[in-house]
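Chains as they are written, first to last, in our numbering: chain D, 1 to 254; chain R, 1001 to 1303.
Quick caveat, the hints were computed from the structure, so don't treat them as lab data.
Please note that a few of the clues may not be correct.
Here are the simulated lysine-lysine pairs, DSS-like style, with alpha carbons at most 30 Å apart [unchecked claim]:
no., chain 1, residue 1, chain 2, residue 2
1, R, Lys1203, D, Lys196
2, D, Lys127, D, Lys8
3, D, Lys127, D, Lys106
4, R, Lys1014, R, Lys1090
5, R, Lys1076, D, Lys251
6, R, Lys1233, R, Lys1160
7, D, Lys106, D, Lys249
8, R, Lys1205, R, Lys1233
9, R, Lys1076, D, Lys26
10, R, Lys1236, R, Lys1292
11, D, Lys8, D, Lys26
12, R, Lys1160, D, Lys251
13, D, Lys249, R, Lys1205
14, R, Lys1076, D, Lys249
15, D, Lys77, R, Lys1090
16, R, Lys1205, D, Lys251
17, D, Lys142, R, Lys1203
18, D, Lys206, D, Lys196
19, D, Lys77, D, Lys142
20, R, Lys1010, R, Lys1292
21, D, Lys196, R, Lys1205
22, R, Lys1277, D, Lys82
23, D, Lys77, R, Lys1014
24, R, Lys1277, D, Lys7
25, D, Lys127, D, Lys77
26, R, Lys1277, D, Lys77
27, R, Lys1010, R, Lys1076
28, R, Lys1236, R, Lys1159
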Amino acid sequence: MLDLIVKKNEALNNQYSLLILTSSEKLPAMLPGQFAEVRVDNSPTTFLRRPISINYVDYEANELWLLVQIVGDGTRKLSELKVDDICNLVFPLGNSFTLPENKDAKILLVGGGVGIAPLLFWGSYLKERGYSCNFVLGGRSKDNLLQLCEFERFGNVFTTTEDGSHGERGFVTQHSHLKGSNFDYIYTCGPTPMMKAVAAYALQTKANCEVSLENTMACGIGACLCCVTDTTEGHLCVCTEGPVFNITKLKWQI
Amino acid sequence: MANLNINIGKLQLKNPVMTASGTFGYGPEFSDFLDLSRIGGIFVKGTTLRERQGNPYPRMAETASGMLNAVGLQNKGTEYFINHIYPNVKDINTNILVNLSGSTIEDYVEAAEMLNELEKVPGIELNISCPNVKEGGMAFGTSCLSASQVVSAVRRVYKKELMVKLSPNVTDISEIALAVEAEGADSVSLINTLLGMAIDSEKRKPILSTVTGGLSGPAVKPIALRMVWQVAKAVKIPVVGLGGIMNAADAIEFMLAGASAIQIGTANFIDPTVSVKVVDGINDYLDRHGYKSVTEIIGALEV
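Input sequences plus hints: build the corresponding full structure.
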């Protein structure tokens, strides 16, 4: 548990903000897929911490990025934090995405809405280690497509929107980049129906596929057993056994 | 530095601060955050004779100043606890206490007999108050007759500290406390969660898979405090207070109302280090008020 300092808090639009945190000490090592439990101060209706994916880590600048979607009063308060405010985090928590065995592997990262958050960190991590990946990012409209310039630093970016306001019209799984391609590894995070569609595509095309779940949580450290998902090994905590799961382990009807 | 030692029936505690079942795992989950040997005791996750998968997701709903849970006693059973978890927790330098639940009296008795053999488990907390299981659990804790029957049966086989965790979902909690005291309980702990529910109005659906769940957190504290006060006046055995304790001031309130020790539950989710902060805060309070021992504040409420 650490008190971090707000270095920057940028409104990306009226629904999302990018919270950049730093510390007087060196930030701990973090892995893509992991998350933080963020304490929300000064919000009488927010009792629990908010689990938020690690969006990006810049170790040189000692920065931890969190992409915050404003859903209720708690996330609104996080979006209103000012430079030099304190933000208390329990982190890093959970497991991480699995590196492909082969550096030549064809890798696709598919994100929707705020679910793109961990994929930026994962894309940067893959590139640093000599892998190459492409991104397919989707949103309801162009306002839900975030950090596109950041993603472009780490691979080709393809987009879809439901209203056609950016990229191809439709859902991520309908994007032309997926047609006729054979990916070895697919990683996805976003709304559950989207992840299920991506998982179905992965099964059809025999790709290895990991999904990052965002079940509602209380403790974040495997103590309360509130955030479980049903797996081939029974109910497992998303906070400690996940948030990243291979689709073969999940009991999804797909 | 005041003396924080306290005895609860047959239990010797280095201080009155323990962590509540279902909020602290088995202990090691929190060892990155605090020195477990600094707290008075750990009540491990609710254990049943046989493995339980618990309820389907969603199991949790946040509420104003609290949360509802409907975990439903997910655990791997008593034998698994003994063979796989106990070896890893038995040498933690604090009291490791097992919260025991069951669907039938026979289940409670069989598991209690097994737990009685564990050298480093000085006591059990008999959970007759879980609101999230269809059979057993709270059904035992909401009538004097069934509470008496289960406590009497377990008492025959369990020789160490037998604490009984009481349900607040009753008309008169003192009656239940008196009933379990009469059957040989060494102490009582209260309160378990209050039965509640949450609705998603947009979807016109309940938020919890089980529709209802157990409310905990600061929202329940005034009720818990009132019940501890009522029970402490009614029984002679020690009372352990819990329900919404977030800090040392809350803990002290429970002790003034008559609790000999306290448990911290939901607060562990917000601040995993809160239990040691409460230990330090109680010590500061005692020093500030010139008390030499924590025993001096038990039931010291001036009405």
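| field | Violations among the numbered hints, reported as their numbers in ascending order | value | Hint check: 8, 9, 12, 15, 23 and 25 fail, others pass.
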